Structures are given as structure tokens and as C-alpha cells.
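**Student:** One letter stands for each residue in the lines below.
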Amino acid sequence: MPSYADLLAQAEPARRRIEALDRPRIAVGVDTSSVAAGARETLAAIREAVSQRGLDADVDQVGGNGLSFANPVVEVAKAPGSRVLYQNVRAEDAAEFVDAALVRGEVDNRWLLGALAGAEGVKRMDDHAWWSIQKRRLMQDMGVIDPEDIDQAIARGAYSGLERALGMTQEEVIAEVTSSRLRGRSGSDFPTGRKWDFLRTSTTTPKAMVCNADEGDPGAWVNRMTLENDPHALIEGMIIGGWASGADRGYVYIREEYPLAYERVVKAVEQAYERGLLGEDVLGRGFRFDMKVVRGAGSYVCGEESGLIASIEDGRGMPKIRPPFPAAAGVFGQGSNVNNVESYHSAAWLLRNGLEAYLDPDTGRNAGTMMFTLSGHVQRVGCFELPMDATVRQAYEVCAGGPPAGRRFKALQPGGPLLGIMPEFALDLPLEPEAFKERGMAAMGGGGLVFLDDSACIVDLCSQFEWFLEDESCGRCTTCHGGTQRMVEILRRIQRGGGRESDAGKLRLLADTLRYSNCIHGQAAPAVVVNALTWFADEYEEHVLQRRCRAKTCKGLIRYEADRTAASRPQHAEALARANELCLAVAAGEASEACLDCLVCRELLPDVVRVVDAFESGVGAAPEPVSVQPAER
Amino acid sequence: MTSFSGAAKRTEATVEVRQLLEGLVPGEGDLLEALHRIQHRYGYVPRAAIPAVAQHLRLPESRVYGAVTFYSEFRQTPPPETLISWCSGPACYIKGGEGIRLVLEKLLGCALGENTPDNRLGLHLGQCNGTCDNAPQVWVDGRVVGPLTAAGTVELVKGLKGAAGRGRRRRPAG
Numbered sequence: 003m004p005s006y007a008d009l010l011a012q013a014e015p016a017r018r019r020i021e022a023l024d025r026p027r028i029a030v031g032v033d034t035s036s037v038a039a040g041a042r043e044t045l046a047a048i049r050e051a052v053s054q055r056g057l058d059a060d061v062d063q064v065g066g067n068g069l070s071f072a073n074p075v076v077e078v079a080k081a082p083g084s085r086v087l088y089q090n091v092r093a094e095d096a097a098e099f100v101d102a103a104l105v106r107g108e109v110d111n112r113w114l115l116g117a118l119a120g121a122e123g124v125k126r127m128d129d130h131a132w133w134s135i136q137k138r139r140l141m142q143d144m145g146v147i148d149p150e151d152i153d154q155a156i157a158r159g160a161y162s163g164l165e166r167a168l169g170m171t172q173e174e175v176i177a178e179v180t181s182s183r184l185r186g187r188s189g190s191d192f193p194t195g196r197k198w199d200f201l202r203t204s205t206t207t208p209k210a211m212v213c214n215a216d217e218g219d220p221g222a223w224v225n226r227m228t229l230e231n232d233p234h235a236l237i238e239g240m241i242i243g244g245w246a247s248g249a250d251r252g253y254v255y256i257r258e259e260y261p262l263a264y265e266r267v268v269k270a271v272e273q274a275y276e277r278g279l280l281g282e283d284v285l286g287r288g289f290r291f292d293m294k295v296v297r298g299a300g301s302y303v304c305g306e307e308s309g310l311i312a313s314i315e316d317g318r319g320m321p322k323i324r325p326p327f328p329a330a331a332g333v334f335g336q337g338s339n340v341n342n343v344e345s346y347h348s349a350a351w352l353l354r355n356g357l358e359a360y361l362d363p364d365t366g367r368n369a370g371t372m373m374f375t376l377s378g379h380v381q382r383v384g385c386f387e388l389p390m391d392a393t394v395r396q397a398y399e400v401c402a403g404g405p406p407a408g409r410r411f412k413a414l415q416p417g418g419p420l421l422g423i424m425p426e427f428a429l430d431l432p433l434e435p436e437a438f439k440e441r442g443m444a445a446m447g448g449g450g451l452v453f454l455d456d457s458a459c460i461v462d463l464c465s466q467f468e469w470f471l472e473d474e475s476c477g478r479c480t481t482c483h484g485g486t487q488r489m490v491e492i493l494r495r496i497q498r499g500g501g502r503e504s505d506a507g508k509l510r511l512l513a514d515t516l517r518y519s520n521c522i523h524g525q526a527a528p529a530v531v532v533n534a535l536t537w538f539a540d541e542y543e544e545h546v547l548q549r550r551c552r553a554k555t556c557k558g559l560i561r562y563e564a565d566r567t568a569a570s571r572p573q574h575a576e577a578l579a580r581a582n583e584l585c586l587a588v589a590a591g592e593a594s595e596a597c598l599d600c601l602v603c604r605e606l607l608p609d610v611v612r613v614v615d616a617f618e619s620g621v622g623a624a625p626e627p628v629s630v631q632p633a634e635r
Numbered sequence: 004m005t006s007f008s009g010a011a012k013r014t015e016a017t018v019e020v021r022q023l024l025e026g027l028v029p030g031e032g033d034l035l036e037a038l039h040r041i042q043h044r045y046g047y048v049p050r051a052a053i054p055a056v057a058q059h060l061r062l063p064e065s066r067v068y069g070a071v072t073f074y075s076e077f078r079q080t081p082p083p084e085t086l087i088s089w090c091s092g093p094a095c096y097i098k099g100g101e102g103i104r105l106v107l108e109k110l111l112g113c114a115l116g117e118n119t120p121d122n123r124l125g126l127h128l129g130q131c132n133g134t135c136d137n138a139p140q141v142w143v144d145g146r147v148v149g150p151l152t153a154a155g156t157v158e159l160v161k162g163l164k165g166a167a168g169r170g171r172r173r174r175p176a177g
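Top to bottom, those sequences are chains Z and A.
The first sequence begins at 3 in our numbering and counts up by one.
The second sequence begins at 4 in our numbering and counts up by one.
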């Protein structure tokens, strides 16, 4: 089997290619985000343009670098030491772009984003605050290497951590992971070193390292970044964990909604086997580790570790009754350790670079970095890697650019529907789990931050999240699937104008009862509602007692009113024509001309169709049905 | 039992399914892969395929059926010619996703998870996959279309329904 030194030597041409030592390199970032922006077409068009001009340059596919707002992103390394990033390079721009950047050598052109290195006199990437604030460690190779070429990963340091770990004892590796204070990056926050030690000391054999790449929390694509753009970092982390815990096999469970991630991880595993990094004699050190990639099929609860295990075990992914816990009895009864993608990735970085490098910065409670995906009502959507001493406000304002013009921050969803929703004080929190827990949250989450501005309705959000959680409930325990169903019913009734004073009490009772669910899905399901009742009480009460939705969203509490005289004025002629063309009622065969009574016309003629959100008592509200009140406790 | 011709068709299908399952073994976590391969081949998991899967992986048929119905991405009926997947994620939702869904359901005359009567179009409940810079969005046969408005959705569906406009529309105006 090749040694690590052999692999490095084999990767030398790849290193030369990445560093543009022999010829210029044009690298087009291709991942799910940039594909949506046309990156594959850009890559093909640039290849065509370079070939047509007979230029001697490498045109590579590389991974995405997280800058969704700038996609398609292209990096040009014209000469060694010169690296410049360009944004929004579309396929139709390719010829002009190649002429400008390569043929004429105009570094500064209309696509320029910033220089990473070299290219003096040109705007730097560090001039962008959203770039310079980042500490891109886990992301250091994203957008630099082709994730489908193992040599490029090795050239950049992949598996150097494994090489180092194989020269340490199990206890030494675990001690290093423990000293780093690395904790579960899905939001579970459990110390990773201790978890690996559970498996090491478990008497159950064989043992397996399991990677939770289900990432079902909407708004989070942190794990997708690693899976698609640096899969070898994950594989390395799992093998290191296997070495430390005595496991000889690994499972990577990838959600169905990430097909490109699945493809690339499968390919990476194949290439790792080819290079002897997986198999019966890893790096020639007599250590055996096998890897299996399992593809999910659409189920949020398969992101819960026992649901994930159940899903691998040839069946429905229903979370299990515990104990026993995975270290004692996991996948098919094997001792198992389940960790998030980013936890393994962080462990690989740690072993590659050492404890001292990892512990900078060190807040006392946490060290190192974490990746965050920012979306929602923000100006810049993307994935950013921040040091553990950064704040939510920095993520929101510096990285994401704050709310859209004319809007104000209203709420933060820090980690999927189960973690709840936070008001303005969240902005001042450091991005550390302890800070969130001190304010009453169960955790900080896996890094998927969704920001809401004042156009969002909290009650509507609660209703939508509870519906999602009900839909995804596995059904094992009535507490969960019945409890979420009941919460949806109450919230929807409130949204229709049938809110009652007793509803808050009922919702709290449901929240209390849901604590007895079998797994975290039911247990945490009421979080968003409890948060709303605590931190957005006046908005909630407005819906119930005044039948008013201040964000003009809840359909039972608003209606559209068209000023038809205004509609016929000349300045609205074009929009009115479009409204007639796109009339929903006409298209559905229900009317012969636009009635101006719905959302479509509201969008097309905002000055003509207004949203009425306040009703006189008795008008527009649903009638109060009779009900039996629960006894007071 | 059914007629001879029915039995013959079942046998052919069973042989084909067995070929698809080659290399998969019981007790190693291959059920999801088995079902993925079948759906990839037929566009859905036919009821008739379940016995072959159960036999190959030494599982009760009820367990295989349970898996097919548990996971949202396995279909039990053939897919439509063009599938519109609506994103249910929070970023899309707060930027007008609900309005898009209502327009889709009204114009197609069916709910999420259903097809139009002629099976040309169908709706699907999609999950967030992190292309939130396009919010609010849908996927048309797996391709992202967004940001959309309710008006733009009307245009999109008309384009998909119309004879000339059948196929992909990336970014409808408005």
C-alpha cells in the first residue's frame, strides 16, 4: 500500500496545477448553489473560449466557496502567486471574460470581486468586510480544489492529519480532540472527544463511525459545503475517529435532497480506496477501515441519530427507544458513534494543524471556528466561516449585509424549526452555544441562521413550522404526532380569526406534554410556539384578541381591496394589462376578467390593490365555536 | 391468481428487478439503495417490485412496503411528465412561498403530492437544500427557478402548460 509520502509525490502535478506553476489556471466554482446560477454552463463556455483561442491554460472545475450572492464565481491564477476572484460570470460572458482576463491581462474588469494574492493595485478580497472577518479553515480548500480529484485534495494537505494520527495512540488522539473542546457541530454540543472515548471503551464489537450528513434543518447547508466541496476532509476525519475509537468501518448517511453531494462523496470514497486510504491496510499501517455511503430518501427524523441508525437498518427511519445508546448498540447492533459532518471535518483540521493552531481564537468556553449559512431577509446569502468569538450581529450585518432596504430586523431562527425563534437581543449574542443557552434556548444549532425582518408574521411562522414538524413526525408516539397536529389546528384557527383567550393556555399545556415524546423531535417541537408566547407576546395577542395580523400575512385576517377608479388611470395601464393576462381566476377558468382581488394583482398593482388588516368588531372574524374548557390545575 | 399474461408480466418485471438488485445483500443496510435503484429505473416503486426486494434482502414484505411509504421521496405511482417541486423552507416561505404554492395548486387543480389528471404536470413538496439566494423558488424537473413572484408563477405554469412553451423556463420576467 502506498505510504503518505508516496501519495504526496503522486499529487505533485496536482499541486503544480493548483498553484499555476506551469500555466495559468481558470477555476470555475461548481456546487449546488452555483449550478443554480448557471456555473456548469459558464465552465463549458470558458473551456470553449480558451480552446478556440488556442490558449495554454488549465480550465478546472472546483468546488463552491460559499459566496452564493456572487455566483457563478471564477478564480483566475494568471501566474504563480496571483489569484483573483471574479463574480457573476455567466456563460454568455465567457468569451469577453477570457479575452479580458487572459488575453488582454486586464485584471480589473466588470466582473472583479477581489484579489486573494498577487495582482497588486487591484481591489483585494480583504477589502470586503464580509471576507476579512472570516477565518476560513474548514473552508480553506473550498473553491480551490476540484472535489472530484483526490490528488488536488492531497496536494493541499488532505490526509496529513490521518498520517499524524496513525503515529499516535488512541488515547493520545482522543486527548487532543478533548483538549480542543470540539463539541458536536449539529447543535447537540456534546464533547466529541468524550463521545469517541465512549466508543473506544465500549465492549460491543465490531464498531462503526457514522456520519450524520442528513442536514434536514431548512436554512442550513453547512454540511453540504463540506460534502460537495471538500469530501476528503470528512473521510479523513472519520478514519481518524475510527483509529481513535477502534472502529473498522464507517457509514456516511446523506440526505436524498443532496444528489451532487452524494455523487461526490461516493466518488471520493472510491478514489480513497484506490489510493489505499480506505480498505484493509490504510496508508500501509496495518489498520483496516471500510466506508459505506447510504443515500436517504426524504425524512427529517433521519437526522436524529437513532432515526438515522434505524434508516440504515433496512427499514423506516423511526427514532428508537433508548437506552441502549449507539455506543453500546448502534447500526445492526454494532457499537456506533454518530457525529455531524462538521465535527469530523473539524477533527481532521485539528489533527492536520495541531492543537495550538486550533485553539486560536479561544474564548475560554469555545475555540476555533464554525461555519454558518445565512439566508432569509438579508442582502447577501452565503456560507461564511467565523471565529467562535464573533457575534450574531457581525454575521447579520457584516457578512449578510443586514436587512433589505427599508426593513428592520425582527427575528432570528438560529437552527431549524426545532430550535425556535429569537427576538432582537439575539443580535448581541456571541456565536457560542453557552450564550444561547443562557437566554433560554436549548442550543445554538448547526449554523443555519435565517433572519426575518418586519414583513414576517411570527404566528404564521409558528403555524408553518408546526405543520412541518407534524408532517415529519415518524408517528411512533401519539404525544408527538398528536401534539403537533393539535398545535397546528389551534394556530390555524387563530390565523383564520378564531383565536380564543384560552389558546395560550392550551398551547402551553401541549408544550408541557410534548416533553414526554420519545425523541427530540416531539420534545422540541413546541419550542417555536413557546418562544413566540414569551418573546413576541404582543404580536400573538394581537392575532387572538384583536383579530389583527400586523405583518398582513394571515389570510383569515386580511382581505384585498381594489380601488378600481385608480386602476383605470393611465399610469397603471401596462400593469393592468399584465394583470389581465396573468389573472389567476381567468387562468383557472373561474372568471372572464381580472377581479383585482388577490395576491397576484396585489403584486402587479401595489398602488391600486391594498391589504386591509383591521376589521371592525363583528366584521370578517370567524364565529366563536362552543368548547369545553380543561379544568384549572 | 391473475391471468397467465398477468403472471408472465410479473415474472419479467421480477427478473428485471432482481438484476437491478445485484450486489446488494441482506443485513448490510442496502434497502434504501435497492429502492433508489428501482425508482431510478421506473420513475417510481411499483407495488409488484416489493416481493422481489423483500426476497432479495430477506425482509418481510410489510417492512419493505413500510419503507416505501415512510420516505417522502419514494413514489408509489408514476411521476408526471414535468414535476414542479415547491420549496417549503423558511427563507422561501418568508419571501412569499405560500402565495406561490396557492397559485400552483389553483392552476394545476391539484395539491402537493398529486398530478394533473392528464399526468403532464405534478406538484411535489420540496425541502430546503441551500440555494436560498434564489428564494422564493421552485424546482422544475430538478432545476431551480427563482426568485419567483405569484405573478411570475402564473407565467411559469402557463408556459409549462402551453404547447409551445413546454419544457424549462429559467427565470420568467417579474
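What the hints contain is simulated information worked out from the structure, not anything from laboratory work.
Watch out, some of these pointers could steer you wrong.
[To be verified] Straight line, CA to CA, 27 Å or less: simulated DSSO-like cross-link-like pairs of lysine-lysine:
| id | chain 1 | residue 1 | chain 2 | residue 2 |
| --- | --- | --- | --- | --- |
| 1 | Z | LYS269 | Z | LYS322 |
| 2 | Z | LYS557 | A | LYS109 |
| 3 | Z | LYS557 | Z | LYS508 |
| 4 | Z | LYS508 | Z | LYS554 |
| 5 | A | LYS109 | A | LYS161 |
| 6 | A | LYS109 | Z | LYS80 |
| 7 | Z | LYS554 | A | LYS109 |
| 8 | Z | LYS125 | Z | LYS137 |
| 9 | Z | LYS137 | Z | LYS554 |
Since we're looking at a predicted model, the values are computed, not measured.
**Student:** Quick check: which numbered hints come out false for this structure?
**Tutor:** Hints 1, 6 and 9 not satisfied by this model.
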